[in-house]
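**Q** Which chain is which? The protein sequence lines are F and U, in order.
Numbered per the numbering used here, the first sequence finishes at 194, counting up by one with no gaps.
Numbered per the numbering used here, the second sequence finishes at 1801, counting up by one with no gaps.
Hint data in this document are derived by calculation from the structure and do not stem from the laboratory.
It cannot be assumed that every hint is accurate.
To be verified - Beyond 10 Å from chain U on every Cβ pair, some chain F residues (computed):
{"hint": "1", "residue": "L80"}
{"hint": "2", "residue": "G82"}
{"hint": "3", "residue": "T105"}
{"hint": "4", "residue": "K156"}
{"hint": "5", "residue": "A159"}
{"hint": "6", "residue": "G163"}
{"hint": "7", "residue": "N176"}
{"hint": "8", "residue": "P181"}
Said to hold, decoys possible - Which residues of chain F face chain U? A partial, calculated answer using Cβ under 10 Å:
{"hint": "9", "residue": "Y96"}
{"hint": "10", "residue": "P161"}
{"hint": "11", "residue": "T162"}
The beta carbon of each residue, even a glycine, is placed where N, CA and C say it ideally should be.
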Amino acid sequence: MRSWSTVVAAAVAVATIGAGASAQTSTKKTVAKASAPQIPPPTSTILVGVYTGEQAERGREVYASSCRSCHTPVSHTGETFNRWWRGKRLSDLFSFVQVRMPKNDPGSLAAEDVADVVSYLLKMNAIPTGENEMVADADSLKNFKIEPKRSGKSTATRKKP
Amino acid sequence: MRRRSIGMMGIAGIVVAGAFLTFVSQSSARQGAELVRGNKPGEWRYWGADAWSTRYSALDQINANNFDSLQVAWQWNAGQYGEDEYYRTTPLFANGRIFTVATTRRQAFAIDPATGQTLWQWKLDEGIRWQKAPRQFAGRGLAYWTDGSQERVVVITPGYHLASIDAKTGLGDPKFGKDGVVDLMEGLGRKLVPLAVDDSGPIIISEGAPARKAKPGEKWDPVKKIGADGTMGIDPAEGQIANSSPAIVVGDVVIVGNSSMHGYFPIRLHNIPGYIRGFDIHTGKQLWKFNLIPEPGEFGADTWKNGSKPGTKGVGKNDAWATYSADPDLGLVYIPVGEGLSDEFGGYRPGDNLFANSVVAIDAKTGKRKWHYQMVHHDIWDYDTPMAPNLLDINVDGQRRKVIAATTKQGWVYVLDRETGKPIWPIPETPVLQSEVPMEQASPTQPVPSKPVPYSQQGLVAADLIDYTPAIKDSALKLAQKCRMGPYFIPASPENGKAAGGKTAQYRCSWYAPGAAGGVNIDGGAAADPETGMLYVGGQSGLSTIEVAHDPCSEHEFSQPHNSCGQIGALPEPKTSKGPDTGPGDFVPRAATSIGTGANAVSILRFKEAGGITAYDLNTGDKKWWVPNGNLWRQPTTNDPMFAGITLPKVAAIGGQPEVITTKTLVIHGTGRSGAPGGGRAAAGRGGAGGGRGGAAPPANPPKLYAFDKATGKQVGAVAIPAVNTAVPMTFLYQGKQYIVFATGQLDHISLVALTLPRK
């Protein structure tokens, strides 16, 4: 079941924020919680396989329905992707899509849709798939550093006889 | 035929049986006198049902007693003809045939209403013009014309051609333009040049990777798919011009506008202005042209303080990309106009920028402006007018009034006399907040309707916040005060915190409600009941923030935060740049709209009837009833001790834009593409049972079409559908049966779904 945090209610909140933003909220409770430990640097990278092919395929559907009218693949692959995301955490990418996108209706995607579409973005950037699906929760993605695969030579060259 | 030559193909008469032809010809002979608002009762000849864009049908075979027994009569598989983005078309029904467009190539089709079989298919090969088309999708629909014997279907293609197709055969009208096609890039006073491309992909939203003027002797490279393919067009250096909504027919005149590239974060400081043109349906001859950015010397040019000549910095767009309405008796067409360049920064275009964000009433025969009404001066909120206004005749204070009701992204309905453009209820010019962004000169006032009440959250003020306890009130206010607050029209803040004159800005974000999605946007809009004067608005409500920043590889000093560096056509990256200063960084949103996160998130906004469907009685201007999208509610919960002992009110379960039509007794709507996250997508996605993720629970809100008593707003039906609707539905009567047809899906699983009642 999708989490309430991402439901866009017509009369209520739109951009409810992922856990990555809790340091910015100002309730006593969350401030106390977030001001404690610094988030440790990521110990793993997205190259270990953080999504599945099936998930990316679902993400392609979300992309067509909610993203394609403003984006083309080249606007978030290759150099553009590297420029924006290299060295950041996977949770940053997830939260960015969840909170800022779609531009036309920010916050309107269900968390699972965000995870699927982020998977599709990784697929477009030739990041290898893994056995488990990406979890639809920014907190769980903090430990993965975004490390774009080096220019798409690999598979193409290897296939040559 | 040469590889990218411009050519047409009609595949006619696939399943046209003799009996069917007989029915059609008898029906044709009866046409003419009995039209109501340009439509034959029981048909759906215009995108919005009739010329008035009422989205109303007097049919009542499908009603409260039987709505839930609706069944799928047929599903027309558009995916067999190609892919699309999401399928955003509302088809037409006229004289025994359904007409639609489909796929990224915007092919046209006629479909048998009883069986869902394709009767004919039409398509145009547009070469580079299609490859680099800013609106490469099926679009909102098409137009229909008949004189009682001849019938035409009118399509504007992604590559900006106007086609007149014989509705019976699917073949281009040989008397119209050249073999049924007019090149819409001609007739704008711009030279057409041979086009070339440097890559095989589409254009990018920022205008990156556009086509270009071909070099002398340049050839097509069929392996790399680059070079010049013989296609001619306006030099892309002047800007981009396209279209995504249908033309509208008034008498024998076809009225055509255009859309531009989105203006979120353009690279270039100029673009092609918007134009409205009239064409003769018989010949394709251009009869008139109306400039939506008045040229020097024309009425309204003085609202461009830096000049309005095409090519001037900051001049471009004002494109009327939405659907249109018309009053055939008055001979007027009503054009909802988009905004200038760019969407959220107007520093290069000081002034009110006519005819941006206006409704313009134009004489369909002469192209002369009868009146205009500007709803937003100097728009810096992306409040382009997204929808055909609805026409109604109502009784106001005992007087019969011909009115126009424009629903907008701003969350207001603007009700105007459609003969004069004068407001029915006062819309005073009201002082508004001024911008902190360097160069920006926000309008000192904006017109704010006194009636009817808005259908979406307006800005953010303290009175909007939850206040169950002093501690909660305090927390909500602290979150709200992180960004600039105000009652409406809050200008964007500079993301880098630098205000004009090197001063520190008070804010780095501003509250944005309604946001760029409205209110009403492309997907939503209103249905009007011409019998009662009721207006049913499908819209959404939300709260987000707006800020502008400098894109280091754009000519614009500010735009929505973006980085175009590295794209074909972008400026070279400045040497001093340390990479994007607008990049997402370690992404932390500037503002939270909830106390708590995840399952414990409670919106800082107090519950309000907003978004969903709002019913207004336009005779009085009063709101009559409201339901959330799909009448779906949810109970917020939290384990935050601050909320202990407080029962939170129920709120709308889903957002998105309800897509509304109305009949004799019902308001019918689907949730729209964003209305059923997960559920609709899963079903649309793979068509299989359950679709979505393995082992996951079934979607909370499976795709449905909903029905409400139009007088009371009481839900009277909800019927399961194969996948969420992705465009406004339509309804018609064929051989004694009422059908409801709507588009659904994306990519290669796009279809039209037809519902009808089971045989007794």
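**Q** Can you list which hints this structure breaks, lowest number first?
**A** 3, 10, 11
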